[in-house]
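Residue strings, one per chain:
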Amino acid sequence: MLKPILLEKLVKKILFVGTAITVFILFFIIFYILKNGLAVIDMEFLLSSPKDLGRAGGIFPCIVGTIVLSLIAILIATPLGVGAAIYLTEYTRKGRLISIIRFFTECLSGIPSIIFGLFGFVLFVVYLGFGWSILSGGLTTAFMLLPTIIRTSEEAIKAVPDYYREVSLSLGGTKWQTIVKVVLPSALPGIATGIILGIARSIEETAVVIFTAGSVLHLPTSLFDSCRTMSVHFYILAREGISMENAYGTAAVLIITILLINMFAYWLMHRLIAKYS
Amino acid sequence: MKSRENLIQFGLLITALSTIVIHLLIALFIFQEGLPIILRVGINEFVCGTHWSPQQGQFGIFPMIVGTAWITAGAILVSLPLSLSCAIYLSEFSTPKVRGTIKPIIELLAGIPSVVYGFMGMVILFPMIRNHLGGAGPSILSASIILGIMILPTITSIAIDSLQAVPYSYREGSLSLGATRWQTIRMAILPAAKSGILSGIILGIGRAVGETMAVIMISGNSVIIPNSLFDPARTLTANIALEMNYAVGDHRQALFATGIVLFITIMILNIIANVLSRRGVEK
Amino acid sequence: MEDKIVVKNLNLYFDTLAVLRSINLNIKANEILSIIGPANSGKTSFLRTLNRLNDLIPTARITGEVLLDGLDIYKKDLSLPWLRRKVGMVFALPVPLPRSIFENIVYGPRLNGVTNKLRLEELTEKTLKAAFLWDEVKDRLHTSGTKLSGGQQQRLCIARTLALEPEVILLDEPCSGLDPLSTSKIEEALYELKKQYTIVLVTNNTKQAARVGDNVAFFLMGDLIEYGSTEQIFTVPSDKRTEDYITGRFG
Numbered sequence: 000m001l002k003p004i005l006l007e008k009l010v011k012k013i014l015f016v017g018t019a020i021t022v023f024i025l026f027f028i029i030f031y032i033l034k035n036g037l038a039v040i041d042m043e044f045l046l047s048s049p050k051d052l053g054r055a056g057g058i059f060p061c062i063v064g065t066i067v068l069s070l071i072a073i074l075i076a077t078p079l080g081v082g083a084a085i086y087l088t089e090y091t092r093k094g095r096l097i098s099i100i101r102f103f104t105e106c107l108s109g110i111p112s113i114i115f116g117l118f119g120f121v122l123f124v125v126y127l128g129f130g131w132s133i134l135s136g137g138l139t140t141a142f143m144l145l146p147t148i149i150r151t152s153e154e155a156i157k158a159v160p161d162y163y164r165e166v167s168l169s170l171g172g173t174k175w176q177t178i179v180k181v182v183l184p185s186a187l188p189g190i191a192t193g194i195i196l197g198i199a200r201s202i203e204e205t206a207v208v209i210f211t212a213g214s215v216l217h218l219p220t221s222l223f224d225s226c227r228t229m230s231v232h233f234y235i236l237a238r239e240g241i242s243m244e245n246a247y248g249t250a251a252v253l254i255i256t257i258l259l260i261n262m263f264a265y266w267l268m269h270r271l272i273a274k275y276s
Numbered sequence: 000m001k002s003r004e005n006l007i008q009f010g011l012l013i014t015a016l017s018t019i020v021i022h023l024l025i026a027l028f029i030f031q032e033g034l035p036i037i038l039r040v041g042i043n044e045f046v047c048g049t050h051w052s053p054q055q056g057q058f059g060i061f062p063m064i065v066g067t068a069w070i071t072a073g074a075i076l077v078s079l080p081l082s083l084s085c086a087i088y089l090s091e092f093s094t095p096k097v098r099g100t101i102k103p104i105i106e107l108l109a110g111i112p113s114v115v116y117g118f119m120g121m122v123i124l125f126p127m128i129r130n131h132l133g134g135a136g137p138s139i140l141s142a143s144i145i146l147g148i149m150i151l152p153t154i155t156s157i158a159i160d161s162l163q164a165v166p167y168s169y170r171e172g173s174l175s176l177g178a179t180r181w182q183t184i185r186m187a188i189l190p191a192a193k194s195g196i197l198s199g200i201i202l203g204i205g206r207a208v209g210e211t212m213a214v215i216m217i218s219g220n221s222v223i224i225p226n227s228l229f230d231p232a233r234t235l236t237a238n239i240a241l242e243m244n245y246a247v248g249d250h251r252q253a254l255f256a257t258g259i260v261l262f263i264t265i266m267i268l269n270i271i272a273n274v275l276s277r278r279g280v281e282k
Numbered sequence: 000m001e002d003k004i005v006v007k008n009l010n011l012y013f014d015t016l017a018v019l020r021s022i023n024l025n026i027k028a029n030e031i032l033s034i035i036g037p038a039n040s041g042k043t044s045f046l047r048t049l050n051r052l053n054d055l056i057p058t059a060r061i062t063g064e065v066l067l068d069g070l071d072i073y074k075k076d077l078s079l080p081w082l083r084r085k086v087g088m089v090f091a092l093p094v095p096l097p098r099s100i101f102e103n104i105v106y107g108p109r110l111n112g113v114t115n116k117l118r119l120e121e122l123t124e125k126t127l128k129a130a131f132l133w134d135e136v137k138d139r140l141h142t143s144g145t146k147l148s149g150g151q152q153q154r155l156c157i158a159r160t161l162a163l164e165p166e167v168i169l170l171d172e173p174c175s176g177l178d179p180l181s182t183s184k185i186e187e188a189l190y191e192l193k194k195q196y197t198i199v200l201v202t203n204n205t206k207q208a209a210r211v212g213d214n215v216a217f218f219l220m221g222d223l224i225e226y227g228s229t230e231q232i233f234t235v236p237s238d239k240r241t242e243d244y245i246t247g248r249f250g
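Residue numbers (numbering that gives the first Met the number 0), protein chains in the order written: chain A, 0 to 276; chain B, 0 to 282; chain C, 0 to 250.
Note that these hints are calculated values from the structure, not bench results. Possibly wrong hints are sitting among the right ones.
Cut-off 16 Å, straight-line C-alpha distance, at most; resulting in silico cross-link-like pairs (EDC-like, lysine to aspartate or glutamate) [what the hints assert, rightly or not]:
#	chain 1	residue 1	chain 2	residue 2
1	C	Lys75	C	Glu64
2	A	Lys174	C	Glu64
3	A	Lys93	C	Glu64
4	C	Lys193	C	Glu64
5	A	Lys180	C	Glu102
6	C	Lys116	C	Glu102
7	A	Lys174	B	Glu4
8	A	Lys180	B	Glu4
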């Protein structure tokens with residue numbers, strides 16, 4: 000039987016090692032991808048079209064496809080998500096309907112992307128006849144992002160102190176004027192954080208996109224064109240062994256983008272925290 | 000003025016209902032596409048049938064169910080020691096500053112695209128397994144390790160939040176009775192945070208069951224009932240993703256039916272997690 | 000003098016808890032009514048029934064009548080923004096909205112549809128002067144309202160309320176967080192303001208009530224114990240509990 004004090008020291012060491020391993024894994028992945036991929040990235044890689052299925056050339060159409068698809072997803076998910084968050088926080092905080100909405104929002108966030116992919120495929124690609132297109136992909140991704148945006152916006156709106164609302168109402172503001180002029184501006188950094196994390200998720204997503212936007216390797220010219228996002232391009236390059244070099248390059252671009260987006264989101268979050276504490 | 004406010008409230012209510020509508024639409028479409036074949040083949044035959052050869056009209060997804068179960072179980076085994084270590088260490092043994100730095104870093108793991116995880120499995124794990132343990136590489140083992148890492152942030156982050164939600168008075172109370180910190184954690188804090196941590200683990204299981212792209216890249220995808228950790232296996236998600244491109248008719252319906260099984264599994268997991276986390280809050 | 004506000008048999012509950020019981024009180028036009036009483040007596044809750052701010056609390060329930068110029072403010076379909084413009088409020092904690100001094104003042108008028116820049120600027124000058132703040136901030140109207148000192152912030156909040164051009168001003172312990180100098184500036188402003196407005200002042204400071212109030216209402220545990228002129232209450236209170244409170248024996 001170990002003495003409690005010694006046991007505690009031992010446990011602490013073990014837990015520390017576990018934590019260290021986790022952090023190490025993250026840094027290892029980032030380091031490994033960047034080490035192999037950075038050398039591939041130059042202006043030409045970023046700004047030219049792929050040749051020979053991606054064996055040579057760059058990833059420009061994929062960058063464009065990724066950006067446009069994310070934009071559509073965010074443009075649809077943001078009004079829906081922020082609207083829902085406003086309703087859930089400002090209009091009714093309790094009640095049966097609210098708990099049902101909350102439950103479905105939670106569930107929606109747990110649904111695997113492949114299911115969203117199947118759904119988007121049937122609804123948008125086949126049933127509504129949008130075909131494999133940026134529009135189908137963007138709409139389906141928007142649905143997938145919705146829970147994230149609702150949750151972060153809710154948190155941000157709840158963090159706005161009640162006395163701001165009282166002041167605005169006591170100055171003759173209506174509820175909606177109060178929300179638009181006082182609550183939303185104060186909650187903006189938090190809401191923006193959610194939107195930015197949503198952008199990151201839409202960039203990472205592969206399963207949904209491959210089912211709804213397809214994987215055509217051309218520069219898209221309309222919303223009804225199929226496109227290949229960076230994640231999908233990387234998946235195809237790596238899985239079919241087309242070009243390891245370009246796979247690393249694409250992965251590096253992806254990782255750097257995600258890192259920058261996440262860092263920006265945390266910076267915004269901290270501004271929000273600093274503002275209210 | 001008043002009617003305008005009412006109109007706005009109504010509009011907001013519509014947006015709030017959107018998640019319910021989307022959820023129901025998903026269920027509707029998946030069931031509409033997949034249910035006919037389940038009814039035709041028979042639920043028992045579909046879920047417990049061991050032969051999957053769509054060209055011969057054989058639709059049994061039992062091997063995929065077993066594959067999913069093996070890989071998910073493996074992922075949890077890989078993930079739990081690490082994620083619980085992280086959670087307990089960061090919540091109980093570190094300063095708020097360290098916690099504030101490391102937690103976002105771990106959450107960043109969730110931001111890495113799943114295809115990158117799959118790729119890391121291919122280029123790092125496969126050679127390691129080939130050289131040291133034998134076999135080709137694509138296997139339950141490699142899929143478990145990669146998925147285990149992928150669900151680390153989910154479990155860690157929820158577990159930290161649950162531990163932090165335990166009132167500070169529990170710690171003071173226990174420490175002032177002469178307990179060490181570890182005794183305090185074991186006797187007072189972990190029991191109080193149990194529901195929350197469990198709900199995090201369930202959500203982690205949900206993520207592992209639902210993961211698709213990484214799994215396709217590293218699990219081998221053969222439709223066999225695996226016997227060992229080194230056997231390749233195919234998951235439910237991989238089954239859908241691999242064959243959807245060329246499937247038509249009954250075959251396509253059978254893939255949607257696979258989606259139904261997946262959907263129901265995830266819903267059950269979600270409901271359990273939801274109940275658990277609510278119980279945690281009530282405490 | 001005529002009655003501006005008539006409160007008849009007012010009860011207020013939060014859930015099942017009675018916060019105010021059978022309050023009957025007439026508030027005369029162009030007077031300062033001070034409401035005194037120990038903490039948790041329902042003073043602030045009473046104040047918030049006068050502009051229906053308690054409506055924000057989901058469990059709040061009210062019976063009885065509150066008449067403003069003879070109009071029942073709890074009648075259905077009454078426009079709350081209209082009511083709150085007529086009955087302005089200043090809170091215990093000065094809470095400037097996170098925007099400039101000018102923007103704080105014109106927030107209410109703008110919501111009411113006033114867009115004329117010149118009119119808004121006039122209003123800003125007029126109200127800041129009335130709140131004895133103009134000289135201190137006239138050169139920095141476009142800096143953030145949150146950068147002012149506590150006393151200045153509270154006077155900004157008073158000016159902001161004045162800009163609504165209300166008829167009644169409710170003040171909820173407006174000097175509770177302020178130093179004596181700032182307090183006296185606000186009291187000075189109140190004294191000027193009552194010429195135009197009806198003022199209801201909740202205060203924890205009996206001396207302040209004695210200094211500025213025309214009439215005094217003493218609340219205790221949700222009941223209105225005594226109402227009378229300031230002079231009468233502070234010299235010959237008729238209720239023992241009032242006497243105990245103002246002589247500092249409890250509270």
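Is it true that the CA of Lys180/A sits at most 16 Å from the CA of Glu4/B?
15 Å, holds
Given the hint that Lys193/C pairs with Glu64/C, does the C-alpha gap stay at or below 16 Å?
25 Å, violated
Checking one constraint from the list: CA of Lys174/A to CA of Glu4/B, max 16 Å. Satisfied?
Cα-Cα ~8 Å, so holds.
Pairwise hint evaluation, Glu102/C against Lys180/A, where the allowed Cα distance is 16 Å at most
11 Å, holds
Would the hint linking Lys174/A and Glu64/C be met if the CA-CA limit is 16 Å?
24 Å, violated
Could you grab the alpha-carbon distance between Lys75/C and Glu64/C and see if it respects the 16 Å cut-off?
Given that 16 Å is the threshold and the Cα spacing comes to 12 Å, the pair holds.
Are Lys116/C and Glu102/C close enough, with their CA atoms no more than 16 Å apart?
12 Å, holds
Would you check the hint for Lys93/A and Glu64/C, treating anything up to 16 Å between C-alpha atoms as holding?
29 Å, violated
Hints 2, 3, 4, counting from the list given before, are not met by this structure.
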